[in-house]
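*Asks:* First to last, the protein sequences are chains A and B.
Numbering of the first sequence is given in this note's numbering, commencing with residue 44 and proceeding in unit increments.
Numbering of the second sequence is given in this note's numbering, commencing with residue 44 and proceeding in unit increments.
To be clear, the hints were calculated from the coordinates, so they are not data collected in a lab.
Check before you lean on any hint, since a few could be wrong.
No copy labels: a pair is met if it fits in one copy or bridges any two.
[Stated by the list, open to error] Using 30 Å as the maximum straight-line C-alpha spacing, the simulated BS3-like pairs for lysine-lysine come out as follows:
(1) 193 / 359
(2) 79 / 333
(3) 68 / 339
(4) 275 / 193
There are 2 protein chains.
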Amino acid sequence: MARYQMGVDLGGTNTRVALVDEELKIRRRLQERTPKNDGQQIINTIIRLCKELLQQEGLSLEEISSLGVAAPGIVDNGRGIVVYANNLNWVNAPLRETITRELPLPFYLDNDANAAALAEALVGVNQGLQDSIVITLGTGVGGGVISQGKLLHGGYQAGGELGHMVIIAGGPLCTCGRRGCWETYSSAPALQRMARAAAQEDSSSGLWTACGNNLEQLTPKQVFLLAEQGDKAASSVIERYLALLATGIVNLVGIFKPEQIAIGGGIGGQGERITQPLQQAVNLESYGAKYLPNTKVVSTALGGDSGLIGAALLGKYYEGGITLG
Amino acid sequence: MARYQMGVDLGGTNTRVALVDEELKIRRRLQERTPKNDGQQIINTIIRLCKELLQQEGLSLEEISSLGVAAPGIVDNGRGIVVYANNLNWVNAPLRETITRELPLPFYLDNDANAAALAEALVGVNQGLQDSIVITLGTGVGGGVISQGKLLHGGYQAGGELGHMVIIAGGPLCTCGRRGCWETYSSAPALQRMARAAAQEDSSSGLWTACGNNLEQLTPKQVFLLAEQGDKAASSVIERYLALLATGIVNLVGIFKPEQIAIGGGIGGQGERITQPLQQAVNLESYGAKYLPNTKVVSTALGGDSGLIGAALLGKYYEGGITLG
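Bound-form chain A, shown alone (with noise of 0.2 Å):
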């Protein structure tokens, strides 16, 4: 009877729904913008989201197998809560609760970055591995870890929190409170902030024209575009930006030698630009490289929808008890 999965990916600014069919392809989606600050305004959004979509499409629940949510910071799949969500100002939140009493369904909850991990091994550029890792460029960086065909959670299912590994000790001052974690150098935020301090250094750059010298508004796109076309300033960002981004990605080479990284995010966005560098990077300084497979380093192929397909794809992988590859 049950034919559809339903996902939930809940993000700081939007939460999307969708209906992922027997094909494992999004059937119908919803979106709205989340609600700032509000726990209980934000789990009446999901459940209202969720109802709608029934609704326009006709379906009753007896014809959805499973509800999954992604939602960012650290969550427990175990009790059913996020347990620390920042930018949702959320501690110890007990989703499962609140939604299944309106929706009894069977509930998962996992992080964002695994649920794109997750989505990318079952129907995206990481199938049929057993060793992969999705990194998204945005705001922060995250990642996801399909470790030995498992999702890797760690204990406390709070590990993978690969963006706060610090690669430069003593670095710029973190949201999370370290100094030098990989964010602070491989975020977009963090690209735009070297390109600002750069196009200080020199007045003649086409940095300062790309933004209609108002720097606040330079976008990592037209920084990388600048370096394509030769300016110097844009030119010596983008290799340091793209310099310390592969360090973080040889450190995971060294940490989980997966067989693939797939790369998503805004930024992912420059596809070879960034993947082409990167796997350079890998094939000269991973450790052991010449005696092993190199681990490749590619685009993320599902893009945005990463987080909402994986989100409804965690019952099929929790309940199936799949090892990836």
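We have chain A already, so just place chain B on it with the hints.
*Replies:* Below, chain B without anything else, positioned relative to chain A:
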């Protein structure tokens, strides 16, 4: 019938073999210097020591359930080979084939750090834990990870290279070819290098007298002792050493969120002088520390025997399909 497990700890300096009984304790052991730069001689030594051990105990092969070898570098249990071990000068050494020809036993092969992590998880300080890490601070920085009840091997059984995680991009050149690896700050030679530099800067430091004015002879133990006695140069060396050691440890907490990390190796012998400041850093800096139980930092229980015991227990782990914790 089979009552014992045999283990081989193949080190760059010594080759050690042991029989482990049903209570998972070492019953008898033998050791010899590892022959230099001669793969066939190394294999012959292993075979001879194993046979001697059986003879001394008056045991036949039927009484041995399995033979496990812990080797440095990258190993491949599936193919039964050491893929690459730089300090043995080995590439694709066919251990299973050559050893089982003389000792027809179920044969298992793993990395020495993984064997140590397995031993601490089965019979040492990490017993009963699903997520634990062993870090050895010696000539290098070695690490073995138990993640979600399983040894972390990574793809191609080549992951777990924790010591080659870069913590200061552009730092000192590492033997692996990268710059600023954790190992270049947290190994025993790294501490000695930092202490020599500090002594050069401060001719009145006790570091000079401790080593009879021969800085090449300065030991980590002496530096720790002087720091405790208040020597200024030694104190600042130890402070920096511990801070960078903590950087790597907190990185691993973010990635794996283990319930416990056990510190071993020569410098690990400093006990609470090491574990107590590391615990402080973990409590303060771990991601989401306020909302989660803290990872504990302790000393290893099995000391230098962990690799040897772990080697002997490989069969139990692989054949038993054991999930730890």
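*Asks:* A separate judgement is required for each hint: does it hold in the structure or not?
*Replies:* Taking the hints in turn, this is what the structure says about them:
1. 193 / 359: both (13 Å within a copy, 22 Å between copies)
2. 79 / 333: between (51 Å within a copy, 23 Å between copies)
3. 68 / 339: The answer is within: 26 Å in one copy meets 30 Å, while 43 Å across copies does not.
4. 275 / 193: neither (44 Å within a copy, 49 Å between copies)
In the structure shown, a violation is registered for the earlier hint numbered 4 alone.
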